[in-house]
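J.: What follows is the residue order along each chain.
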Amino acid sequence: MAVIERPATVEGLTIPDAWRSFRTAVGLGWAIESNWSDPFLFAVYTIAKPLAAAMILVVMFNVITQGQGGEFLQFLIVGSALWNVVFGVMGGLVQSILEDRERYRMMKYLVVTPTSLFPILLGRSLARVAVSFVAVILTLAVGVVLLGVELRPNILLLVPATILGLTAVMALGVFIAGWCLQLRQEAWSYPEAIAGALYLVSGAIFPIDVLPTFLHPIAYAIPTTWWLEASRRGLLGHGSPGTIGTLPDLVVLALLVVTTAVVVPLALAGFAWFMRRAREAGLLDMTTGS
Amino acid sequence: MSEELAIHARGVTRVYKAKPSPVTALGGVDLDVEPGEYFGLLGPNGAGKTTLIKILTTLLLPTSGTARIAGFDVVNETAKIRRVINMVAGGEQSGYGLLTLREQLWMFSQFYGLPAREGWRRVDELIEITGLQEQRDQKVRTLSTGQRQKLNFARGLLNDPWVLFLDEPTLGLDVAAARDLREHTLAWKAAAPGRTLLLTTHYMVEAEQLCDRIAIVDRGKILALGTPEELRRRVQAESIFRIELDRLPANGGIAAIGALPGVLSAVPADDGVADGAGSDRVALKVALADDSALTSVVTAVAERGSSLVGLAKSEPSLEDVFVELVGRGFGDEDEADPAP
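Heads up: the sequence lines are chains Y and U, in that order.
Residues 1 to 290 in the numbering used here are what the first sequence spells out, letter by letter.
Residues 1001 to 1340 in the numbering used here are what the second sequence spells out, letter by letter.
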């Protein structure tokens, strides 16, 4: 009869483990995200809601400018469309971590597997990211067809901007997810509040020049500002109105690289710190109730 | 091969911040569990059993003290510990309800690093072992409590852990489901010696049935530790037998029995005559230094013209041990219910 012994060497987390866990978590995330019992509700949430938000802005803008702000309208539509990704990523990451702890109560079983919670979290949230990109495409399509937005895509700029921007936004989302792990289950609404604050200072709907001066350093320090600017140039062929629009494309891209390179390690370190703090406080398997 | 202890804990304390004052869940626990041992932590709710399991499974940091699983530190070597352990907790409704039972197990097989094909093979094997074949394609949300706990148990065996932690695994289960789970646990042990189990429970029968050694825990401290037999001997050093005879022994009677070597005392049992009015039958309560003295008692009884008609060993229960140690029963703190 075989006798079980502890293996002489025991590995920690390996890259193949993390990759396998990520892929598996993508499947889980999709199973959860696509499990809307009511397809109508799913359509409203994923399509109608972001479209309606963008259209409200457009109507307000047209009333204020009396239909005279064509170039600014394009700025508004692209910013509003892309911001769906920020809401989707941040909301998805936080929802994943809180659902696993509070609703499915699987957090403790995930934590005690040899894989890290980090790839599972990223994989779980990817479905929300995919859905948010659908909202981006739909909002842009409505802008082109109904509002006269002219797209002149520059793939060489758009692709790296999208990859870097998504990386930065996911890093911010991971940080917020770690933070929300310290909080009660009502924390699901926090990412919307944070994304809303970033919405104002990242130049999504206002050019940075119109913000109060004390907010300018913040706006220039966060990667979402440079992601939006690079993406606008990659989609429209020109930059935003104001100072930021006068910078060369390469400078914008370089600033996106730099700010992302700063944010990602900080966010990962923050997540690791939050995880340790959750272990310290006994929050990993806590069900907070509402 | 490694000679490491399966579990090694020294001075493990855990204090929870709480108002109006901090709560000490563990007050300096020392524990060594050998590889291949089935070890039980027995105590009422709030004794600190689950807190200790959480620390040993890397879910919670100790406030002070050290603990090692298979030689790895629970604070800093979590990834290595998680390779060799698994955990199953009872009394909960966890699970991704929208996945099928088979899908959920496969998902965890991937998180445990099994290759895809090997994962499916292991999943199907565990489904069969736990008797969940009929529910294999059922959504988790449609499973009964007992079926969910079997699924949970199967998940706990996916990586064939070197150390398995079972935290109140039969809590809330009906009698049949709890018995099934205990049988699965024993079968897991029998299949390959060397596997280590740490079980927490407040069911005496469960601890006795499953565990080689038991620690009795209360208010964050280990009060006593040993085999079930050793624990009983703490409250009753001698072996006590109830002997029923067809008549009183001649030639000195009960006193002669009491004077035999190895016999500590021999007195009429509390219930006296065993067979109603008019009968010569008599019941004795005989205390022996150890069981081996029983032979001379039986021989002496026969030599004195009596016949043995009944023999029963009287043993204290683990609850008696707990009462002796703590001065109260399980039920004084928490409603004591029998093992399902």
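No lab work stands behind these hints, which were simulated from the structure alone.
Keep in mind that the hints are not guaranteed to be accurate.
[Stated by the list, open to error] Derived DEER-like restraints, expressed as beta-carbon distance ranges:
no. : chain 1 : residue 1 : chain 2 : residue 2 : range
1   : U       : Val1075   : Y       : Ala269    : 47 to 55 Å
2   : Y       : Glu280    : U       : Gly1028   : 47 to 55 Å
3   : U       : Ala1190   : Y       : Glu280    : 47 to 55 Å
4   : Y       : Ala254    : U       : Thr1066   : 44 to 52 Å
5   : U       : Pro1316   : Y       : Ser34     : 57 to 65 Å
6   : Y       : Leu268    : U       : Thr1066   : 47 to 55 Å
7   : U       : Val1323   : Y       : Leu183    : 37 to 45 Å
8   : Y       : Ala130    : U       : Ala1190   : 16 to 24 Å
9   : U       : Glu1134   : Y       : Val145    : 32 to 40 Å
10  : Y       : Ser34     : U       : Glu1134   : 24 to 32 Å
11  : Y       : Ile218    : U       : Ser1064   : 40 to 48 Å
[Stated by the list, open to error] To give a feel for the contact side, a few chain Y residues facing chain U, derived at Cβ under 10 Å:
no. : residue
12  : Thr14
13  : Gly27
14  : Arg105
15  : Tyr109
16  : Ile120
17  : Asp209
18  : Pro212
19  : Thr246
20  : Asp249
21  : Leu250
22  : Val251
23  : Thr288
Even glycine gets a Cβ: it sits at the ideal position worked out from N, Cα and C.
J.: Grab the minimum C-beta distance from Thr246 (chain Y) to chain U and call the hint holds if it beats 10 Å, violated otherwise.
T.: 49 Å, violated
J.: Against the range 47 to 55 Å, how does the distance between the Cβ atoms of Leu268 (chain Y) and Thr1066 (chain U) compare: consistent or not?
T.: 28 Å, violated
J.: So, Leu250 (chain Y) near chain U? Judge it on the closest CB pair being under 10 Å.
T.: 41 Å, violated
J.: With a cut-off of 10 Å, does the beta carbon of Asp249 (chain Y) approach a beta carbon of chain U closely enough for the hint to hold?
T.: At about 42 Å, which exceeds the 10 Å cut-off, the nearest Cβ of chain U leaves the hint on Asp249 (chain Y) violated.
J.: Range hint 32 to 40 Å: satisfied by the CB atoms of Glu1134 (chain U) and Val145 (chain Y)?
T.: Between Glu1134 (chain U) and Val145 (chain Y), where Cβ atoms are some 53 Å apart, the hint is violated.
J.: Is the hinted range of 47 to 55 Å satisfied by the C-beta distance from Val1075 (chain U) to Ala269 (chain Y)?
T.: 18 Å, violated
J.: Is the shortest C-beta separation between Pro212 (chain Y) and chain U less than 10 Å?
T.: Because about 40 Å separates Pro212 (chain Y) from the closest Cβ in chain U, which is outside the 10 Å limit, the hint is violated.
J.: Under 10 Å, Cβ to Cβ, is where Ile120 (chain Y) needs to be relative to chain U, so tell me if that hint holds or is violated.
T.: 7 Å, holds
J.: Interface hint check: Gly27 (chain Y), Cβ to nearest Cβ on chain U, cutoff 10 Å. Holds or violated?
T.: 8 Å, holds
J.: For the hint on Tyr109 (chain Y), does the least C-beta distance to chain U fall short of 10 Å?
T.: 7 Å, holds
J.: So the hint says 47 to 55 Å: do the beta-carbon atoms of Glu280 (chain Y) and Gly1028 (chain U) match that?
T.: 19 Å, violated
J.: Restraint: Thr14 (chain Y) near chain U, CB-CB cut 10 Å. Satisfied or not?
T.: 8 Å, holds
Consistency note: the structure conflicts with the earlier hints numbered 1, 2, 3, 6, 8, 9, 17, 18, 19, 20, 21, 22, 23.
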